[in-house]
Amino acid sequence: MTEENLSTLATQTLEVSLGPQHPSTHGVFRMNATLDGETIVKLKPVMGYLHRNHEKLAEDMTYLGSMPYTDRLDYICSMTNNFAYALAVEKLAGLEVPERAEYIRIIMAELTRLVNHTLLIGFLLNDLGAFFTPVLYAFREREKILDLFESVSGSRMMCNYFRFGGVKIDFSPGFLEGVKSIIQNYPKFLDEFEKLLSENEILMARCQNVGVLSKELAISAGISGPMLRASGVPYDIRKVDGYSIYNRFNFRVPIGEVGDVYDRYYVRILEMRESIKILAQAVKEIPEGPFISPKGAAGAKAPRTFKPPKGQVYGRIEAPKGELGFYLVSDGSPKPYRYHVRPPSFINLTILEDMCIGNKIADAIVTLGSVDIVLGEVDR
Amino acid sequence: MFGFGVLKGMLVTIQNFFASYFSKDHLTTVQYPEERLSAKERYRNFPFLVYDQAPEDPRCVACDICAKECPPKCITIVRDSDAEGKPLKRPKSFDIDYSICMNCGICEEVCPFDAIFMDHEFELAEYGRFEDLMYHKDRLLKPNDHFKKIRPTDATRIDAKLAAKTQKPAPPVGN
Amino acid sequence: MKSLEELKQNLESKMPGVTSVLEEGCLVISKNDWLEVAKFLKSSPLYSFDYLSSVTGVDYPDRLEAVYHLYSIEKKIGPLTVKVRTDRQKGEIPSVTPVWRSAEFQEREAFDLLGIHFTGHPDLRRILMWEGFAFHPLRKDYVAEND
Amino acid sequence: MTTPNTSQVDPNLKSEMQKKGIFVTTINDLYNWGRRSSVWPLQFGLACCAIEMIATACARYDIDRFGAGLFRPSPRQADLMIVAGTVTKKMAPQVVRLYNQMPEPKYCITMGACSISGGPFKNGYNVLKGIDRYIPVDVHLPGCPPRPEALLHGLIKLQEKIDGQVIEKTEWYQKGLKREFPVPEFGPNGLIPPYNPDVFTPGQSRLITTG
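Here the protein sequences come in this chain order: A, B, C and D. Following my numbering from start to finish, the first sequence increments by one per residue and tops out at 380. Following my numbering from start to finish, the second sequence increments by one per residue and tops out at 1175. Following my numbering from start to finish, the third sequence increments by one per residue and tops out at 2147. Following my numbering from start to finish, the fourth sequence increments by one per residue and tops out at 3211.
Please note that a few of the clues may not be correct.
[Claimed, not checked] Straight-line Cα separation of at most 25 angstroms, SDA-like style, residue types lysine to any residue; simulated pairs:
id, chain 1, residue 1, chain 2, residue 2
1, C, 2075, A, 257
2, A, 239, C, 2079
3, B, 1008, A, 208
4, A, 301, B, 1090
5, A, 44, D, 3187
6, C, 2042, C, 2061
7, D, 3157, D, 3066
8, B, 1068, A, 333
9, A, 144, B, 1016
10, B, 1040, A, 173
11, A, 91, C, 2115
12, B, 1068, C, 2145
13, C, 2140, A, 337
14, A, 144, D, 3065
15, A, 144, B, 1026
16, A, 310, C, 2062
17, A, 335, C, 2062
18, A, 295, B, 1157
19, B, 1008, A, 239
20, B, 1068, C, 2141
21, C, 2090, D, 3189
22, A, 335, C, 2141
23, A, 360, B, 1006
24, A, 188, B, 1014
25, A, 91, A, 297
26, B, 1165, A, 298
27, A, 180, A, 194
28, B, 1040, A, 290
29, C, 2083, A, 332
30, B, 1073, A, 305
[Stated by the list, open to error] If you anchor each label on the Cβ, the simulated ranges turn out as follows:
id, chain 1, residue 1, chain 2, residue 2, range
31, A, 285, B, 1029, 22 to 30 angstroms
32, D, 3033, B, 1090, 47 to 55 angstroms
33, A, 183, C, 2076, 54 to 62 angstroms
34, D, 3187, C, 2123, 18 to 26 angstroms
35, A, 173, C, 2044, 50 to 58 angstroms
36, B, 1127, D, 3013, 45 to 53 angstroms
No wet-lab data here; the hints were simulated from the structure. For each residue, glycine too, the CB sits at the ideal point set by N, CA and C.
Given these sequences and hints, build the entire structure.
Below, the structure written as structure tokens:
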């Protein structure tokens, strides 16, 4: 078949629905892809299959009643969801947080970042075809951190540990030793993980120059988190807003250049190494003292009496997936009038089509894997 | 040469394979039914009611705070009343729907009488939904020493508090 | 964040005829000239709000409201909250998706759950509920089906 | 409660023969032993419980020891559907269609409070109050999320149930078996029909002892 009579061949595009039940969609997410052979012509994401009406339920529940629901937003990093919600309500009600509670929160947030990035790399390799081997490494390390979460908060995944004005309860005995052992052993695991993956030619061939995201498109599409930094934008909310006590720790923010899938993978590995540095400093400097402010403790004991003043607030943090924001409108009653969650993975999906057009269908699955979506947060 | 990265990866896998014969921490599997992980003290699964002497008078006084504070509303309490209808400080029926409970522990936090706590029991798979998973008062009540066995530090703190409260039953009248 | 009043003066000086009200820390813009203000906020060298963080729909008893939170990445200046109001029956607000691409999904969600029609949106469809759903569930007067 | 031992071989005869190294069993026992030790689950995760299901499939809790480690992506090759996560009304038709596509004999474990009864999200307008409105469920596994060991315990209970089945009386070998569950459609405010009458009787609400 020479070139010219190829063009006279009438070809059709194929409509493929990578449906809600698909091994590669990290949950119930659907992509209606229009294919010309293997290359993607159009890709429309369809969501809502896990829309659990968290915002409608929160409107007739007390402020503390919604705290366990924030665990189920991004169900891989439950502590950072609590952190964002607690910060927003503290800003609304004007509660201040004692020193020790701030350090506890930083330790929990950075441990959650380790869990999230390790899991993401495992699932990204799953999408690349290395079925389940990197996930086994990732989950072996995750179990160690989940044991720490369980010994402190009582539950492996749904910690419900933060309260407005501090945390629910102090460390359990032996927790700090656990964190110290994580600080020692995790870099060794990361070196092993990098030896396993980073120089792997198949990974490099499949991930480099795939799903490239330019800096301007990333900013205008509201992309946040490691995806934004992989495209070369030095914007980390821990440095920009300096919320909680993040400006006491010195850590660097890794930046990528090309903005392809390999950059996003490597930025997350470097971010894990920075998180371990933060953990080391936090464990060294943690003071003794109360773990919750007296007003916060009273609010936790009787949530119906916790009435923040009328008004509205928008609090945001650097969650492992990006900028997680809470917009709360209070009318003075113990129940919020409007409760909105700004989920990072929902907005990071806006440009999934731009990154996938022109690439092969297999690359679209890898690009979706590198966007790091969790459906509980996408559909709320 | 080209395949060196892939070989390095395979080297890691081989190291892990042989390491599982020598070093203990590479053998991470817990053989569940025979070998069990020791439950962490603060582990919380489903709530249970505590009684001190006899199951007839639990610590719960049917004040309904936990039923109001429970986010998914899975607790239903009916207050007991004696012969001529005067309400008593005791629940006639206390139902927790285990198929709705989200193990969040808020009922334990807000209970002013230390009557409800989160249990460590997790082997609760059932065949029937409505008849098996609706826990009534008799299945929820557990003695205080069960609570002491699973959560020693909290139990000693609460027993000390309750003991202190019973020492001075009523404030000295009139002085 | 320099000061909101100063921004209001700049706004009125650059674009006469724009009525903007300051209300507890937010800028309330009327919906007919919201698109020009958006373009001005993004392109002005003084502020360059190039990062639209979140778009939220809120249902008040007498009005529907879209709340925009804007940040500037270059100048690292904090949240500017802009509110645009419309009536509850036929809520029309000009879409800012041509200005900031991040509004695309969030405006579709506000339309889906609250019924705010964003005119000029490239693809205004329901995003979370299925197509045949006939209500806007986040409104206060929505009654769920009890089964 | 262990399921009644329906094998007709009386136990002391069996132990006698075993001492002499002869192993006696019935076809039914052998058949059930083969089926229960290789239950292939469907690779089907909806929400948070799916992460706990993957953790069960990983090194520490290792569902492979029960023969159930091979997660089949396509329903045509799976015989156990673990509904792990919240079944929303938008997802319910897909779940029922997947269950219909699985070959007999098929089983269903509802893992987590959400798939049993809607769980913490049961007052949501888009949340189905339990998947047993449309498909029959064999084992209910409460918890939010249930621990990996609890999922293994649920699998053991399912294996006991499979042990208790007798080949002649099982329904999927009867002639004219029609186990096709109707797939609900999307209505203006919910699913049409709201439940499948021959699988779910609406009267069974929570038996609250009010008397």
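* Among all the numbered hints in the text so far, which are the ones the structure does not match? -> Going through the list in order, the structure violates hints 6, 11, 19, 31, 33 and 36 and respects the others.
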